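Visitor: Going line by line, the protein sequences match chains A and B. For the numbering used here, add 646 to where a residue sits in the first sequence, where the first one is 1. For the numbering used here, add 261 to where a residue sits in the second sequence, where the first one is 1.
Any given hint could be a false lead.
DSBU-like, lysine-lysine: derived pairs with alpha carbons at most 35 Å apart [to be verified]: (1) 310/B with 909/A; (2) 804/A with 308/B; (3) 310/B with 822/A; (4) 282/B with 826/A; (5) 321/B with 661/A; (6) 826/A with 321/B; (7) 767/A with 778/A; (8) 282/B with 804/A.
Source of the hints: derived by calculation from the structure; they are not laboratory data. Note that the structure is a prediction, hence the values are computed from the model and not measured.
Here is what each chain is made of, one letter per residue.
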Amino acid sequence: MFGYIMPDKPELKIKEYELFRGYYCGLCKSMGRRYGTLSRFALNYDSAFLGLLLSSVHDEVPVLKKESCIVSPVKKKWIVVENKYIDFAADINVLLTYYNLKDNIRDEGGWLPSLALLASKGGYKNAASGNKQLDGIIAASINAQVQLEEQNCSSMDKAAEPFANMLSQLFAAGYKGEEKSVPRILGWIGYNLGKWIYIIDAYDDIEKDIASGSYNPLLSQYKYEKQDTKAFKAAIAEEVRGNLLQALSQTTSSIELLKLNNKGIIDNIVYEGLYSKTERILSGITSEKRSCIKNEKSIRSIGN
Amino acid sequence: MRNPYEVLGIREGADAEGIKKAYKELVKKYHPDQYQNNPLSDLAEEKLKEINEAYDYLMKNVGNKNGSSSYRQQEEPRYRNNQSDADRNYYSQVRTNINMGNVAAAEEILNRISSRDGEWYYLSGLIFMRRGWYNEAVTNLKTAVDMEPSNFEFRDALNKVMFSGKQYQSTVYNRRGYSTGPDTCSMCQGLICADCCCEMMGGDLIGCC
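Chain A extracted, bound-state conformation (with noise of 0.2 Å):
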């Protein structure tokens, strides 16, 4: 995933926060014990919030436990830990790195990401062997993602439907209570984050991928040819916010139908967050680069 799916800081409560960063530094943790340091420069926000979430509807009363860490070596900070969901999280934060970097070379090739696919390629095949159902189901999306894009899909409803219908599983097969409409909720919210995250994304790189002459699916669906970018990007910026809107609307009224812990965290990222980022990234204000940099920077912040 992709690092999106974040909390607007500054509306959370402080005690939110300090959950929130117990949260993110758990999954953190979790990853660097079980597949090892170098997985933890993966980390993003997208499984913190799964992981977050999965606990919330299984009524998971946190463990908390103040520990130092690399990024903040002196200052103990509380850390949720010994949760089965966090831990969910972790594993397919790590598949779904490997598969991402495998892209990455597929798609632009260069040193780098090939190095971190390397480094990457053991805490996979970890994770890999615990999970065979959660990476059969991430490899038929690429497989999927991967059709499409060589048939320069042109439809960006039809270009989200891997992507979206892998979050979906994934979040539904994350549920392990015995309530038979939660896994369908989830499933839901999972898809609908899931063509969010795509279509912003891909909104979010459209410089990138003309530079590149990589596969874009607005490109496609709105026909650019050679224009200027700026100005390409105002004219499809009301129907693409329509879209995003669309499935932010689905996703928050399928989570009122949930019963949840840690509501007001979870709100907070679903209204505020979501709304925010979907501005901030139409508006043009392009996210931070989203490279192994950018994600130690991440777990920076989160400390400082």
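With chain A's structure known, arrange chain B on it following the hints.
Guide: Chain B alone, transformed into the frame defined by chain A:
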């Protein structure tokens, strides 16, 4: 039955005013209109039923019998009655399947129809909506409206789709506590719009107009 206070999200022993207020909020949140294009609408309906039961139970015990059931009688029958009336032709089969949530079946029947009139695009739009293909949905609904500009049903469906994104936006604004600006305004517009719709169907949302 779950603890009715818990269902309404209020403390035990709340007074009639408090119960009514919480109830109104929840009905607004889980109203069928909010879930019209959401495949989880059946779950929202269940939730609303639970809320209605809790409300009726509490109102009976608090002793205010007049206040009960006001919303339920207005809303639920209206929401349910589009399910009956089946099997006259393909289109009504498609509609029935959409209402029951059988999107794949609806799509299959729709594809057997060779004519491409407004209704075809309208139904196709509804199917795309249920599948989460919002861009295709809007394109199809717009085509339907263009082909039959006077059809209220098509226009209404398109407006509702466009409105739900806006509604998310205004929820965010309200949560942040902004009380002025165009979004409160568009919310009022929506309310008045909804009131008009209700009145057309014999109900009423805003009592004074």
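Visitor: Any hints this thing doesn't respect? Which numbers, in order?
Guide: 5 and 8
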